[in-house]
Structures are given as structure tokens and as C-alpha cells.
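Visitor: Input sequences plus hints: build the corresponding full structure.
Mapping to this note's numbering: the sequence shown position 3 is 3, numbers consecutive.
Be a bit skeptical, because a hint or two may be false.
Computed spacing ranges between beta-carbons, pair by pair [stated by the list, open to error]: (1) ILE232 / GLY202: 34 to 40 Å; (2) ALA268 / GLY73: 33 to 39 Å; (3) ARG200 / PRO249: 21 to 27 Å; (4) LEU141 / ARG89: 28 to 34 Å; (5) ALA268 / ARG89: 36 to 42 Å.
Calculated directly from the structure, the hints in this document are not laboratory data.
Each residue gets a CB set at the ideal place from its N, CA and C atoms; glycine is no exception.
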Amino acid sequence: MTLPLFSTTEDPGPNFAGLIRRLQLPVHPMVATATGASPTGGGPGDFRHGTTVVALRFAEGIVMAGDRRATEGHSIAHRAMEKVFPADRYSAVAIAGAAGPAIEMVRLFQTQLEHYEKVEGVVLSLEGKANQLGQMVREHLPMAMQGLAVVPLFAGYDLARQTGRIFTYDVTGGHYEETEHNATGSGGRDARTTIKLGYRVGMARDDAVELAIEALYEAADEDSATGGPDLIRGIYPLVATVTGAGFEPVPDDEVAERFAALIERRRAEGRQP
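Guide: Quick look at the structure:
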């Protein structure tokens with residue numbers, strides 16, 4: 001395929017979805033709404049759902065975490081689903097809702113940010129990234145009305161402001177900045193309550209990671225769709241930080257140790273782990 005050339009009036013610029021639309025290339029059904037096509041498929045039936053994800057600010061940036069369980073109706077469909085992804089070097093996105101469309105949206109979002117940087121020669125601002133994701137969620141609304149709703153959680157390190165920022169979304173594409181923390185998904189209410197009780201402005205990295213892990217643990221204790229630590233299979237929630245140094249996953253060994261310590265503390269307090 002040769003490099004496409006456009007006139008000044010037809011050039012899609014840094015918009016990757018606009019480029020696909022201009023070239024009239026075939027698209028995956030999950031990407032159809034973002035490129036202007038019509039969604040396909042019948043009723044949703046039983047499809048996989050991702051559940052609880054959280055994000056909170058600390059002194060150097062943000063922590064984002066998500067459990068690993070995916071459900072189909074009342075059944076566990078997958079025990080090790082990934083719900084926290086790097087959007088680019090300085091931002092992360094976590095997903096809740098219909099798993100298939102959510103993962104496709106993340107992939108398109110990652111490609112869009114990379115495409116923008118290659119075309120413009122600069123990194124899109126964090127607020128611009130949040131706006132771009134909001135537009136993708138809004139274009140997904142027809143599928144959301146069919147029961148395939150996607151509700152992402154976006155956060156990153158703002159290089160201009162030198163601080164971490166968190167954005168939440170609704171199914172219409174509306175996005176709202178959170179000053180300190182938030183959580184979404186079926187266990188989001190319980191996770192938010194835990195974070196509210198333990199959150200402090202200017203927390204250290206280790207304290208913020210610990211609080212995110214505790215929030216997911218409490219959410220799993222109350223919400224059947226949220227997966228807690230699976231000690232037998234060695235499956236633990238995904239946790240990552242985004243700072244001025246970029247996106248960095250928290251090592252699995254560290255997450256496992258923190259969960260083990262949390263369970264031991266609960267036993268020592270006379271509480272059921």
C-alpha cells in the first residue's frame with residue numbers, strides 16, 4: 001500500500017479514525033462506530049463484563065488498579081483479564097463494562113495517540129487525550145444503547161502541570177476531572193468508600209499502592225463480580241503507576257506480598273480475611 005495523499009480540504013490530520021474513514025478501509029465491528037460505520041450484530045445476550053477499577057493521586061503521580069475477573073451473567077468467564085493498560089508513555093486507561101468493545105476501544109485509543117504524535121511531532125496534552133477518549137465513548141453510544149456499555153477510567157501525569165490527573169466518563173462521552181480519586185465498575189461504590197477512609201493528600205507511592213489494593217479487596221468482599229486475590233492460581237489484581245518517569249506496572253511479586261500482608265493483618269485483628 002502506497003502512502004496516501006490528501007488535498008488540504010480532505011486531509012484528516014492527526015485523526016486516525018478519520019484516516020480510516022477517508023481510505024474506506026474495512027474495520028473491525030467493535031471499531032465501526034468510531035469510524036462512522038453502523039454497529040453490527042444482534043442482541044447482547046450473555047457477554048463478558050469487566051468490573052472494578054480504581055485510580056488515586058499520590059505525591060508523584062497516580063496509581064491505577066483493576067481486578068482480574070470477567071463475568072458472563074452469573075458465571076465467571078475469565079479469571080485473569082487485563083483491565084489496566086498504558087495509553088501512552090504518560091497515561092493509563094482502565095476499563096469496566098462490556099469487555100470486548102472496551103478492549104477494542106483501548107486499542108483504538110492507543111493507536112490514535114501514537115498516530116497523533118507521528119503526524120504532529122508532539123505529544124497530545126493530557127487534557128487532549130481525555131477529550132479524545134470522551135469522543136470515542138460518545139461515538140460508542142449506539143452500541144451502549146444495545147447493552148454494550150463501556151465506562152473507562154483515564155489518568156496520567158500532566159507534564160505541563162507536573163501532577164497526576166484523573167478523569168471519569170459516562171456512557172454519553174461526558175468526562176469529568178476528579179481531584180483526588182475515583183473508582184468505577186460493579187464494585188466501584190465499595191472501592192470508593194475504602195479509598196475515602198484511607199486517602200491523604202500527598203501520599204507516598206507505597207501508601208497509595210497499598211490503599212488501591214485494599215480498595216479492590218473490600219470491593220471483592222462485597223461484590224460477587226469483582227475478583228479478589230486468587231492465592232491458589234497466583235492471580236492478583238493489576239496495579240500500575242504513572243509519574244514523570246512514565247507508566248510503570250507494579251511487579252506481581254510486590255502485589256502478592258501486599259495482599260498476603262493485608263490478609264495477615266485481618267487475621268491478627270480477629271477479622272475474617
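Visitor: Each hint: holds or not?
Guide: Evaluated hints:
Look at ILE232 against GLY202: about 38 Å separates their beta carbons, and that is inside 34 to 40 Å. Between ALA268 and GLY73 the beta carbons are some 38 Å apart, a value that agrees with the proposed interval 33 to 39 Å. In this structure the hint that ARG200 and PRO249 lie 21 to 27 Å apart at CB holds, the actual value being about 24 Å. Restraint check, LEU141 to ARG89: a C-beta distance of roughly 30 Å satisfies the suggested window 28 to 34 Å.
Distance hint for ALA268 and ARG89: a CB-CB separation of about 41 Å, consistent with the stated range 36 to 42 Å.
Every hint from the earlier list agrees with this structure, and none is contradicted.
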